[in-house]
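Residue numbers (the numbering used here), protein chains in the order written: chain X, 249 to 584; chain S, 249 to 584.
None of these hints come from the bench; they were simulated from the model.
Careful: at least some of the hints might be erroneous.
Each pair may be met inside one copy or between any two copies, as identical chains are not told apart.
In silico DSSO-like pairs for lysine-lysine, Cα to Cα no more than 27 Å straight-line [to be verified]:
| no. | residue 1 | residue 2 |
| --- | --- | --- |
| 1 | Lys263 | Lys446 |
| 2 | Lys571 | Lys495 |
| 3 | Lys505 | Lys440 |
| 4 | Lys320 | Lys517 |
| 5 | Lys338 | Lys516 |
| 6 | Lys433 | Lys517 |
| 7 | Lys446 | Lys326 |
| 8 | Lys559 | Lys505 |
| 9 | Lys380 | Lys250 |
| 10 | Lys274 | Lys560 |
| 11 | Lys446 | Lys338 |
| 12 | Lys295 | Lys516 |
| 13 | Lys495 | Lys381 |
| 14 | Lys571 | Lys516 |
| 15 | Lys326 | Lys433 |
| 16 | Lys505 | Lys381 |
| 17 | Lys433 | Lys446 |
| 18 | Lys320 | Lys495 |
| 19 | Lys440 | Lys320 |
| 20 | Lys439 | Lys516 |
| 21 | Lys439 | Lys517 |
2 protein chains.
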Amino acid sequence: MKIIIDAMGGDNAPKAPVMAAVRAVKELGIGIVLVGRESEISKELQKYDYPHDMLETVNADDVITNYEEPTKAVRSKKNSSLVVAANMLKDNRGDAMLSMGNTGALLVAGLLIVGRIKGILRPALGTVLPAKKGPVMLIDMGANTNCRPQNIVQFAIMGSIYMKNVFGIADPSVGLLSNGEEEGKGDELTKKTYPYLKEAPLNFCGNVEGRDVMNGEVDVIACDGFVGNVVLKTVEGMGSFIGEAIKDMFTASIPAKIGALFAFGGIKKLRKRMDYREYGGAPLLGVNKPVIKGHGASDEKAVYSAIIQAKKTVETNICEDIKKSLLFAAKEEERE
Amino acid sequence: MKIIIDAMGGDNAPKAPVMAAVRAVKELGIGIVLVGRESEISKELQKYDYPHDMLETVNADDVITNYEEPTKAVRSKKNSSLVVAANMLKDNRGDAMLSMGNTGALLVAGLLIVGRIKGILRPALGTVLPAKKGPVMLIDMGANTNCRPQNIVQFAIMGSIYMKNVFGIADPSVGLLSNGEEEGKGDELTKKTYPYLKEAPLNFCGNVEGRDVMNGEVDVIACDGFVGNVVLKTVEGMGSFIGEAIKDMFTASIPAKIGALFAFGGIKKLRKRMDYREYGGAPLLGVNKPVIKGHGASDEKAVYSAIIQAKKTVETNICEDIKKSLLFAAKEEERE
């Protein structure tokens, strides 16, 4: 197996991707291709010992930054690390790809270069949140706005396959994000989507509410990408708000500082529980081969988690399973 | 001034409303009307000393529970505490009303009994969140789904008036909730709403994202009630998730418990900061007279905060100011 990494994407590139790649070839025994400016990558690589036949570097002189318009950037920067990596994936020179760079550009590269699975109307970005009762996938979290019911049904099916394959959940429960639990609740899209989800080959549990995002009552929460994006960023914002409040709490006074010393183990545990790095990145589901978006702020640990995730995604044949699921989706389309 | 309270609504009724009412007549010097089952209310009232001429009880034998269909309940239960209270407000037998009961039923009573301000297309429920830099109003948080741009513009104007009058913010900044900060970002509704907000008599700062809900960069966040409801419940769910995690953290071990003793002051401060009771209830804006929805779990302190809020809403003539603002809204309608 070979994972292609856009080594220039993210706040800590190329340092973090290189460190994680070195660790991955040593500990996971998989091949890695680092794509980016060869001079910068080798400068980092020189610091480490690793099996050279497992880790190759492919040069790409350009970089797509976070401030560029995605479609334009992907179309014009043919020699950017992201576009080169996507082309390698498409040409079967690797089994999955990972980037910590511009999310929009990765979506565009996924769609235009790696390509949509035939029958998938719109690929979606899923994200796994560390909820109270276990991991929860929120899908779509930003790739698609103004969805139709069939899009949401496909998101639910793809999310369900992901949670089954990557997290080993036998029959993932699926909820439809709404403003109330009863079947009649929701905006127009949600109300129209509900009956389709009931008929889909899914363990559909009905509507869920915002509070269910972090309690983990269901394994997959399906929604339009507009609301998914707002919810994800609300969770992130709330996390950072509380993180700072806890920090303030423990540095406000001398007794508080002493308290922090005693409570250190617990604080560490809480931090670990809320750490986005534990679950890797966000998979782009519905494209022909596994594409993972790592968090822009990823450090070595986060990139390493995302590599493990990419490996699982390949090993468990997620793209194949999504293709198989389309038998149902095709039927839905006919009905429309 | 006289505030009408539905004494039977909420988890702690009639105990909490009665206690808060007694405190209000004594400390705030305002009149209170408690509406509900007279026998139950007087049993609670007997426990306290208070100026009897300031606090009257009006009997209503029925109660609308949280499990009833709102419109049906309001139409059929003419003698419920909620409906009687709303009719009293309409008949000018009080200046504002407050209920901790069924949210949907309060909305319906507000619309059908108290009545929409002429020119307001759809009244909205606002909620004030304790964000990092200060209070933030999220409006609409659940009264309206499938909005049109003109609805959102009116929500923004009403929220802005509320934050100015109740919190004394001179020129409240307003953001439009979206999935990106740039003007072109958003779903169809958001994109259509943006130019109207730019022209409205508002301190409009452009799009804001989910993470801005809890950081307080703007004073008012306007959105459709579907996404507003999902966001509010996500924040609540995340708050309870973290609350439990902090509790676990401090009870996990003996050192942690000792730590908690030292950090007690800080923990208390954090709790206070995240306490929904500090900011009172959710105002229903756009109806003829002030209507406030208190949290269903309100204790005495929360009901008392909501009474203070109702008092401020009356004193600062919010309904009159909303009526005046309609000069602009009327122009918008003509343009449509």
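Evaluated hints:
1. In this assembly of identical chains, the alpha carbons of Lys263 and Lys446 never lie at most 27 Å apart, being 47 Å within a copy and 43 Å across copies at closest.
2. In this assembly of identical chains, Lys571 and Lys495 lie within 27 Å of each other by CA distance neither inside one copy nor across copies; the values are 47 Å within and 45 Å between.
3. In this assembly of identical chains, the alpha carbons of Lys505 and Lys440 never lie at most 27 Å apart, being 54 Å within a copy and 51 Å across copies at closest.
4. In this assembly of identical chains, Lys320 and Lys517 lie within 27 Å of each other by CA distance neither inside one copy nor across copies; the values are 43 Å within and 49 Å between.
5. In this assembly of identical chains, the alpha carbons of Lys338 and Lys516 never lie at most 27 Å apart, being 41 Å within a copy and 55 Å across copies at closest.
6. For the homomeric pair Lys433 and Lys517, neither the shortest alpha-carbon distance inside one copy (38 Å) nor that between copies (37 Å) is at most 27 Å.
7. In this assembly of identical chains, the alpha carbons of Lys446 and Lys326 never lie at most 27 Å apart, being 44 Å within a copy and 38 Å across copies at closest.
8. Taking CA atoms no more than 27 Å apart as the test, Lys559 paired with Lys505 passes in neither setting, with 42 Å inside one copy and 41 Å between copies.
9. For the homomeric pair Lys380 and Lys250, neither the shortest alpha-carbon distance inside one copy (34 Å) nor that between copies (44 Å) is at most 27 Å.
10. Taking the shortest alpha-carbon separations for Lys274 and Lys560, only the intra-copy value of 17 Å comes in at or below 27 Å, while the best inter-copy value is 66 Å.
11. In the homo-oligomer, the alpha carbons of Lys446 and Lys338 never lie at most 27 Å apart, since the shortest distance is 35 Å inside one protomer and 44 Å across protomers.
12. With identical chains, the CA atoms of Lys295 and Lys516 are never at most 27 Å apart, being 30 Å at best within one copy and 48 Å at best between copies.
13. Within a single copy, Lys495 and Lys381 get their C-alpha atoms as close as 25 Å, and across copies as close as 16 Å, so both meet the 27 Å cut-off.
14. Proximity of Lys571 to Lys516 under the C-alpha cut-off of 27 Å is found in neither arrangement, the shortest distances being 41 Å within a copy and 53 Å between copies.
15. In this assembly of identical chains, Lys326 and Lys433 lie within 27 Å of each other by CA distance solely across copies; the values are 26 Å between and 47 Å within a copy.
16. Within a single copy, Lys505 and Lys381 get their C-alpha atoms only as close as 31 Å, which misses the 27 Å cut-off; across copies the closest is 24 Å, which meets it.
17. In this assembly of identical chains, Lys433 and Lys446 lie within 27 Å of each other by CA distance solely inside one copy; the values are 15 Å within and 32 Å between copies.
18. In this assembly of identical chains, the alpha carbons of Lys320 and Lys495 never lie at most 27 Å apart, being 42 Å within a copy and 49 Å across copies at closest.
19. In this homomeric assembly, Lys440 and Lys320 come within 27 Å of each other (Cα to Cα) only across copies, at 24 Å, whereas the closest approach inside a single copy is 35 Å.
20. With identical chains, the CA atoms of Lys439 and Lys516 are never at most 27 Å apart, being 42 Å at best within one copy and 42 Å at best between copies.
21. Taking the closest pair of Cα atoms, Lys439 and Lys517 never come within 27 Å of each other, the shortest separation being 40 Å inside a single copy and 42 Å across copies.
Taken one by one, the earlier hints fail for this structure at numbers 1, 2, 3, 4, 5, 6, 7, 8, 9, 11, 12, 14, 18, 20 and 21, listed in ascending order.
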